[in-house]
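Build the full structure now, drawing on both the sequences and the hints.
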Amino acid sequence: MSTPDPRQFDREQARRIEQQVTLQYRFAAGTYASRFFAALRDEGKILASRDREGNVMMPPRPVCGLSGLPMDEWVEVGPDGVLAGCTVVYVPFIDPMTGSQRPVPYGFGLVRLTGADTSIYHLLDETDPAKIGVGKRVEAVFKPAAERTGSLADIRHFRLLD
Amino acid sequence: MSRVASAIVATGQTEHGRRLDTSMAELAREAIDRCLDSRGLSLQDVDAVVAGNMEMFEGIYLVDQLFVGALGAIGKPLYKLNTGGTVGASTALACYHLVASGRHERVLGVGFQKQSDGSTQAAITTVGDPVWERAVMAGAIGNFASMASTYIAESGVTPEQAAKVAVLARRNACRNPYAHLRMPDITVEQVLESEMLAYPIHRLDMCPSSDGACAILMAAEDVAGDLADRPAWVHSVATVHDQQYMGDSPKRLAVMRSLRGAAAKAYKLAGIDYPLRQLDVAEVYEPASYALLAMCENLGFCAMGDGGRLIDEGIITMEGQLPVNPSGGVLSTNPVGATAMIRVAEAASQVMGEAGEHQIEQVHRALATGYGGNAWTDMMILGDERPSR
Amino acid sequence: MSTTHSNTWIVGLGEARTAARRDDLALNELAWEAIAPALRDAGVTLSQITGAVTASQDFWDGRTISSMNVNELVGGATGSEAKVAADGTQALAYAAARIEDGDQHLNLVLAHAKESQGDVHSIELAAFDPFFERQLDPDECVLAAMQAQQLYATGRFTAEHAARVVSAFRARSQVLEPLGVEQVLASAATATPLRELDRAPLMDAAAALVVCDDLVADQLAAQRVRVVASSSRTSAYWSQRACIHDAPEAAAAATDALGLAGWSMDDLDVIELNAPYAHQYLILASALGLGDGEQLVERMESDPKLSPSGGWLAGSASGVAGLRSVVDAVARLRESGGRALVHATTGLCLQSHHVVLLEGGAQEASR
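Protein chains in written order, with my numbering: chain A, 1 to 162; chain B, 1 to 389; chain C, 1 to 367.
Pairs of lysine-lysine residues, derived as DSBU-like cross-links and limited to a Cα-Cα distance of at most 30 angstroms, are as follows:
| id | chain 1 | residue 1 | chain 2 | residue 2 |
| --- | --- | --- | --- | --- |
| 1 | B | LYS251 | B | LYS268 |
| 2 | A | LYS45 | B | LYS251 |
| 3 | A | LYS45 | A | LYS136 |
| 4 | A | LYS131 | B | LYS251 |
| 5 | A | LYS131 | A | LYS143 |
| 6 | B | LYS251 | A | LYS136 |
These are calculated hints, taken from the structure and not from any lab test.
Here it is in structure tokens:
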């Protein structure tokens with residue numbers, strides 16, 4: 001195979017072959033996430049995992065990445081917290097869970113739930129960049145119990161408290 | 001230190017951009033041929049090949065196996081690295097370890113990506129954890145914008161300072177014939193007036209999506225001197241990752257644990273105490289304008305929180321005390337699988353004195369970094385002196 | 001200038017419970033099920049581990065950068081991880097390189113895959129040439145069938161031979177039910193001449209090793225097995241190979257590794273082969289010079305040195321199979337000492353071959 005010289009390439013001949021690569025997965029949420037989502041759906045509680053040194057990780061997980069210890073305790077965190085990072089997104093984005101475009105603009109941020117040492121990304125109910133900011137307090141807004149399915153989307157978004 | 005001293009003895013890059021004239025395999029081969037041709041070598045001079053590519057971007061599973069002919073790896077050991085944005089640097093580091101451990105004498109590394117062939121947004125969505133993160137993902141831009149907000153809160157960096165970084169990168173790229181975005185007339189105002197993608201990131205604050213490939217040849221001490229007049233010796237390498245989820249690192253971009261950890265190790269091994277003085281050029285993997293300043297802080301080029309000064313005072317320009325990304329950086333060129341290898345190849349070219357119009361004078365030591373996934377860092381320090389063992 | 005250089009030692013072994021579906025565990029939990037016993041076996045804690053090389057495939061995991069699933073289990077916030085997209089034996093070879101050049105001292109090697117969570121046809125389809133092949137909607141089974149067809153046409157082997165390999169290897173499995181030759185031959189036809197039971201079943205699996213350098217090994221009580229040499233060779237993509245029913249690159253990789261070790265095939269006490277399809281073991285074993293035709297099949301049925309674990313056919317997953325065989329071989333060497341060759345493959349139709357040579361047991365314990 002020789003290297004084609006791009007300068008000699010006839011752009012009129014450039015062909016592009018359209019193809020859809022479709023992949024479908026069925027992800028097992030596992031021990032930790034299953035328990036987390038059941039508590040979220042059934043009790044409206046946000047559970048994190050704790051190791052014996054007191055590290056509290058959200059999302060909950062089998063092992064703490066700081067101590068290397070197994071995380072065998074559950075603790076309730078939130079539903080309030082502070083923003084560890086935040087933005088207002090203006091570019092259209094295909095929501096991977098729905099396949100449709102999420103309306104823009106929307107607020108988006110990293111929420112450090114009270115009692116947790118780590119943060120999770122979620123949607124914010126504020127789209128004015130001047131009103132969001134690192135360190136601002138927020139609170140989870142849950143979907144009504146009947147609408148909850150056991151997914152992170154059972155928290156509709158976080159609303160600003162300040 | 002290592003079993004065998006190792007050096008990069010040749011590099012090759014494609015013209016990056018939207019390359020409708022080539023297939024992805026041809027693109028990879030273009031970089032390989034340029035790398036080997038620059039020393040009058042052929043694939044027969046290569047003992048093993050290491051390939052880096054992120055497969056979901058073009059939707060080709062086992063792409064290294066499909067492209068084995070183009071990669072020149074038939075009948076040879078073929079390694080395939082796959083570590084996200086940093087994969088090109090991970091690939092370069094694998095080349096190093098395979099030579100430094102005494103396994104092979106001449107290892108070809110190649111990173112390639114053809115983002116115009118696939119859906120970048122769809123691929124980046126799959127970076128998120130399927131159980132925890134995809135439901136609320138906002139793509140690479142939402143993530144970087146959020147990280148930038150953390151950095152701004154810590155450092156007080158301004159949109160103007162970030163815009164200056166974006167301008168510097170695109171102007172530097174004008175001297176690099178391979179760069180994707182070359183914008184000689186770009187101004188700070190243009191950056192600030194470009195479309196707001198996600199607050200505070202404007203379109204011109206972000207890296208592009210490119211098609212491109214990059215190759216390096218890593219050689220053992222016994223052959224390096226025969227292959228290049230001025231080999232770029234590997235003085236140190238480091239790989240450090242972070243925790244599992246995107247919100248795990250307490251201050252994300254502001255305090256980058258993985259970058260700090262990698263720098264601590266790489267500097268120590270290379271005997272660097274004052275990076276600003278002891279490094280002559282740095283190629284830093286900056287996916288967004290804000291990221292460059294944050295990374296420079298974490299690399300110890302200035303005090304923490306002082307990144308804005310690096311750009312205001314011209315410290316990181318081509319003429320400054322420590323030129324950063326004379327190639328134009330990721331902000332100018334970003335074919336994901338190749339991007340971090342381009343950092344390594346550019347640093348090597350600077351040491352070898354072969355960087356052309358963007359050559360910095362008197363480069364004895366150069367730094368290259370890669371960044372990917374959840375703050376995953378690969379780093380390499382190259383120098384013109386063969387390291388003692 | 002005369003610095004001594006370290007060897008690479010395997011000091012800990014772990015394997016997750018392999019099953020067709022581990023719906024009870026997320027991918028990282030499955031990986032931890034392999035890592036935790038490996039750490040215990042080595043007598044180390046996760047906080048002592050400074051890095052890892054992991055093996056997994058983005059397409060099987062349904063995730064770009066599939067190893068992000070396991071970052072925390074292999075070194076956490078400051079660990080040094082690299083990830084290969086190949087069989088776990090390549091991860092072991094790379095981990096050994098990082099130890100032998102002095103970069104790392106105590107690491108994990110991990111391979112993980114949950115074949116239950118993806119759709120095998122669409123994943124395998126994505127490995128085919130997008131311009132010339134995908135339009136025909138092929139998968140690996142079709143290629144394997146062409147390969148088997150050509151192999152059987154040589155008159156050296158038959159479908160019954162392959163079925164006997166399945167039956168013999170299944171009998172060695174810890175996780176799969178035994179199968180009679182007749183059951184294999186009577187199973188559903190997939191692509192002529194292959195039948196459903198010619199292929200290793202899809203499984204959820206993970207295997208882990210703790211590896212270290214000389215200094216660390218000296219401090220550990222764990223029984224050690226040395227990684228003596230490794231090699232690999234890649235063939236042309238299937239459609240560009242003159243012949244797809246042989247495996248000269250498997251032989252080349254083995255010859256290279258044996259040469260590095262200064263061993264011959266006769267020195268080996270264990271030879272582990274890995275491939276997803278039964279007839280591919282016949283191709284591999286004959287390529288390695290272990291025999292041919294009926295005589296080879298009899299040997300594979302009866303020789304305790306040959307694939308004592310049953311290889312991939314005895315229950316493993318893509319990318320995990322080779323590392324699982326390393327786990328099994330190391331356990332055997334600890335028991336009775338000796339030398340082992342582990343082979344694994346990556347790619348369609350036996351394209352890439354990885355070989356690892358191991359030595360351990362009595363003579364190492366008395367060092």
